[in-house]
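Enquirer: Let's have the full structure, built from the sequences with the hints guiding it.
Chain residues, written in single-letter form:
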Amino acid sequence: MPSWQSRALTVAREDAMARDRKHREDKVMTLRDAVHEFVSDGHSLTFGGFCGRNSQAGAYEIVRQGKRDLRLIDDSPTDQVDILIGAGCVKNLEIAWQGVSIFALASNFRRAIEKGVPHTVEVEDYSNYAAGLRFLAGAMNVPFLPTRSLLGSDIPRYNRKIRIIDDPYGGKPVALVPAAHPDTTIIHVQRADVRGNAQIWGHLANDENKARAAKRTVITCEEIVPEEAIFRIPNMTAIPSYCVDAVVQVAYASHPWSCYGYYSHDVLFQRDYARSNETHEGFLEWLNKWVLSCEDHQHYCEMIGTERLAEIARMEQALNRIPI
Amino acid sequence: MQQTEYADDYSFAELMAVVAAREIRDGEKVFIGIGLPMIAGFLAIHAHAPRAVLFFEGGYIGGRPPCACTDVGDSMLGFQAPYVTSLWRTFSDLQRGYCDLAIIGSAQVDRFGNVNSTAIFDGGVYQAPKIRLPGSGGANDMASSAGRVLIMARLERRRFVNQVNYVTSPGYIEGPGARERYGLRGGPAAVISDKAIFRFDEHTREMYLSNVYPGVDVQYVRSEVGWDIRVTQDMKAVDPPTKEEVRFIRSYDPTDVILRRRGIFSDIDFSSWATLTRSNWQKFIPQSKP
Chain A
3 MPSWQSRALT
13 VAREDAMARD
23 RKHREDKVMT
33 LRDAVHEFVS
43 DGHSLTFGGF
53 CGRNSQAGAY
63 EIVRQGKRDL
73 RLIDDSPTDQ
83 VDILIGAGCV
93 KNLEIAWQGV
103 SIFALASNFR
113 RAIEKGVPHT
123 VEVEDYSNYA
133 AGLRFLAGAM
143 NVPFLPTRSL
153 LGSDIPRYNR
163 KIRIIDDPYG
173 GKPVALVPAA
183 HPDTTIIHVQ
193 RADVRGNAQI
203 WGHLANDENK
213 ARAAKRTVIT
223 CEEIVPEEAI
233 FRIPNMTAIP
243 SYCVDAVVQV
253 AYASHPWSCY
263 GYYSHDVLFQ
273 RDYARSNETH
283 EGFLEWLNKW
293 VLSCEDHQHY
303 CEMIGTERLA
313 EIARMEQALN
323 RIPI
Chain B
66 MQQTEYADDY
76 SFAELMAVVA
86 AREIRDGEKV
96 FIGIGLPMIA
106 GFLAIHAHAP
116 RAVLFFEGGY
126 IGGRPPCACT
136 DVGDSMLGFQ
146 APYVTSLWRT
156 FSDLQRGYCD
166 LAIIGSAQVD
176 RFGNVNSTAI
186 FDGGVYQAPK
196 IRLPGSGGAN
206 DMASSAGRVL
216 IMARLERRRF
226 VNQVNYVTSP
236 GYIEGPGARE
246 RYGLRGGPAA
256 VISDKAIFRF
266 DEHTREMYLS
276 NVYPGVDVQY
286 VRSEVGWDIR
296 VTQDMKAVDP
306 PTKEEVRFIR
316 SYDPTDVILR
326 RRGIFSDIDF
336 SSWATLTRSN
346 WQKFIPQSKP
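Chains as they are written, first to last, in the numbering used here: chain A, 3 to 326; chain B, 66 to 355.
No lab work stands behind these hints: they were computed from the structure.
Note that the Cβ used here is the ideal one computed from N, Cα and C, for glycine as well.
Among the clues, some could well be false.
Unchecked claim - Only some residues are given here: those of chain B computed to face chain A with a beta carbon under 8 Å:
#: 1; residue: I99
#: 2; residue: G100
#: 3; residue: E122
#: 4; residue: V137
#: 5; residue: Y148
#: 6; residue: L152
#: 7; residue: F156
#: 8; residue: T183
#: 9; residue: F186
#: 10; residue: A193
#: 11; residue: P194
#: 12; residue: T233
#: 13; residue: A243
#: 14; residue: V322
Expert: Laid out in structure tokens, this is it:
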């Protein structure tokens, strides 16, 4: 059998399995099981959120399970990916920006690239719009999309996957960026039903497209709600159940990031992360305390303290409330 | 008309935010990067451009958070926002030409206003540079598609270089005609440093020293620029910030997280931070009708 035929068969088998998974009526599971089942060594991965509504809990669980050689395809994944890099889980990065809020450069990212600590990580640069278009192309099932960004810069010079062509309809040049189809995405949302209809308040980042572009989509949510609650405001369903493989209820999963309508940004936790992270040893201590020693995210929340979490929830709800 | 009261106690970083704010005209749609640009944007709305609309790349557009945020995807940016959407949609609106102005940060900027925020090679290579910086984020997109671009840069010789080793965000690229060849609109309008403002010659597209800040020596500025920079004929110092501008900046960033001038942020504990933040919000939340 020619190799393209055997490849096509494998893809067809995987598609059928994915369809079965995505058809289930109840996809609720624990975060531990979801990461165990849907994230494997060598997988490509993307996280939802964007400097807010991040999937911090998902990243912590990946570290706990010691996943290796992950390939991150993302826009601006910030500290959740910095933590994965420092923990030695990451092989390469296709990203637009990697820092820790405004507090510091991402130290693990820098140490890996500049000094190979804990090991070398390869990076492929895009811009945020280019990253967004990669997920849009993936979600549309087209091989690439054109943009007017990137032209005249050195981003395409060092990233050969970006192609510059003349507009075939006779206009000026455009840059083409390749579609992204990550193996798995973990996206945190405010509310979902047990089938995975996921509703998002506040910015959507690239999450509608990441959920559709990825082969496996894990939804974590602040609350699981009855489907009647979804039916009342179907326009808020950014991610429909047919692209979802797992639904996990994880309160405060974005901490220290903000989650619109639920809690505000715990700025000081991130200040302290950036400070611990000045050396690799300091980072390992931080990791041990906040991730490896915590059994799960609930345990992490207990360590943060209920009063502190209640305060960031009050702060958020003084400004932003979800109406229903 | 009331006479303007200038502040005498202010930092250069605060003046930098003020100078950037003054470039924003009322009603403009302004795409805002992380950090100081956010202070500049909300100061402009407070001081002279109440109808300006600020775009934040995560998808928050036109919000009025009651204090400065540390990030461009913070939920507070959704407070009083008329429109909240996705990242690719926000950038598509930028690419479509809806944004008059963008304000970006930089690690290095060169003679033609090209910005590097990716890596300082310094003997190393792209995959293993001396210093790896965060990367473009949305800066490349803003520099490519906004009507005008303001570049924020601290004035230091290692930051103002003749030619950047990596163009993350295009300025005038190799000079006259280059943006036009690529079909790019706009281009850098100014580089706003903590000591002086630089602008670009219409014909040569080269950066020149346009205005110094009060008390700053022209020769000192030239010595911090890595090439022989031209100085405008009619050099004037910029107006200092007004008392009101300084008051706004300090109360809009009550915990000092953006400017880090007053040493509050480095040691503050959680409950003091929460109390200080919340008590300051009241100044910026419009009172709702009974």
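Enquirer: Can you name, in rising order, the numbers of the hints this structure does not satisfy?
Expert: When the structure is compared with the hints, numbers 5, 9 turn out to be violated.
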